[in-house]
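Peer 1: Each chain is listed here by its residues.
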Amino acid sequence: MSETLPGSADIEPDDLKAARVPVPPQAIAPALAQPRSKRSGRSNFELYSWIFMRVSGIVLVFLVLGHLLIMNILDGGVQRINFAFVAGRWSSPFWQVWDLLQLWLAMLHGTNGLRTVINDYAEKPRTRFWLQTILYVAAVFTVVLGTLVIFTFDPSIG
Amino acid sequence: MASTTAERTRNPVSIYRGGQGMWSWALQRITGVAVFFFLLVHVLDTALVRVSPDAYDLVIATYKTPIVNLMEVGLVGAVLYHALNGIRVVLVDFWAKGPRYQKQMLWVVAIVWVVVMIPGAYFMLIHTVEALFGSTS
Numbered sequence: 022m023s024e025t026l027p028g029s030a031d032i033e034p035d036d037l038k039a040a041r042v043p044v045p046p047q048a049i050a051p052a053l054a055q056p057r058s059k060r061s062g063r064s065n066f067e068l069y070s071w072i073f074m075r076v077s078g079i080v081l082v083f084l085v086l087g088h089l090l091i092m093n094i095l096d097g098g099v100q101r102i103n104f105a106f107v108a109g110r111w112s113s114p115f116w117q118v119w120d121l122l123q124l125w126l127a128m129l130h131g132t133n134g135l136r137t138v139i140n141d142y143a144e145k146p147r148t149r150f151w152l153q154t155i156l157y158v159a160a161v162f163t164v165v166l167g168t169l170v171i172f173t174f175d176p177s178i179g
Numbered sequence: 060m061a062s063t064t065a066e067r068t069r070n071p072v073s074i075y076r077g078g079q080g081m082w083s084w085a086l087q088r089i090t091g092v093a094v095f096f097f098l099l100v101h102v103l104d105t106a107l108v109r110v111s112p113d114a115y116d117l118v119i120a121t122y123k124t125p126i127v128n129l130m131e132v133g134l135v136g137a138v139l140y141h142a143l144n145g146i147r148v149v150l151v152d153f154w155a156k157g158p159r160y161q162k163q164m165l166w167v168v169a170i171v172w173v174v175v176m177i178p179g180a181y182f183m184l185i186h187t188v189e190a191l192f193g194s195t196s
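Here the protein sequences line up with chains A and B, keeping their order. If you're matching positions, the first sequence starts at 22 in my numbering and goes up one per residue. If you're matching positions, the second sequence starts at 60 in my numbering and goes up one per residue.
Because the hints were derived from the structure by calculation, they are not lab data. Accuracy of the hints is not assured; some may be wrong.
[Unchecked claim] To be clear about the criterion: a stretch of chain B counts as covered by chain A if any three or more of its residues have a C-beta under 8 angstroms from a C-beta of chain A, and this derived list gives those stretches:
#1 89-103
#2 114-127
[Claimed, not checked] Calculated from the model, a selection of chain A residues having no Cβ within reach of chain B, i.e. all distances over 10 angstroms:
#3 Gly97
#4 Ser112
#5 Ser113
#6 Pro114
#7 Trp116
#8 Trp119
#9 Glu144
#10 Trp151
Just so it is clear, CB atoms sit at the ideal spot from N, CA and C, and this is done for glycine as well.
Build the full structure now, drawing on both the sequences and the hints.
Peer 2: Written out as structure tokens, the structure reads:
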């Protein structure tokens, strides 16, 4: 497909509108190379990533807004939080599961979001690679640390 | 007169090009990145419960200071926008009439955000305000 219509090189879209000529989309939309992005293999990874963002997002609306309501707004909010408060909450498997699910979903959702942002703004392959490597190392470290903290919490420490 | 490139690219090719569609998307990115970096810090500060109760309480005390308390209102506001606009994005993608009502849905997002943030900010800041300016009760 050529960038301009045959014989239309000097005609601006507005001229066509003024002349009441039907304007084909190719005359208005910027020309994009086909395919628009390189596809590596036949992977559906980006499709699954897109679905995951929406599914995890809906679950996180309830988990995170519930967490913020309890921790920051109700009953004195952040002012009442201390070690004893955390110990009381994590004595219940319900809140342990809540926090574990919240940790994993939020970290996967956020890491995937930042992966997309890096892909959008870091144009050099080397920059992309290093930013994403730092991102994945930080994400794995945070998920592993948080999971260990929830599972090994000891209310009688110290 | 020939139109400029900027004028031509403003044609309604996508709801994400120009106007509310683009700015709601930009704000979704900015709030998402900000919340992600807070999440990394938040897991680290919570991990101090494995060090000692004193270490945890000491760091949590900074969350109760006036300036950090104000930043928490910003955090809750960012998360709330990201959540509400995220629901809007899901509706645009999966609800047949979503794209047609995307502007109206953005208004709903803005109104719900304000309605929730007014009492939310009040309860989050009441202790700080009383500590700084004296109890009103």
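Peer 1: Which of the stated hints cannot be reconciled with the structure, identified by number in ascending sequence?
Peer 2: Going through the list in order, the structure violates hint 3 alone and respects the others.
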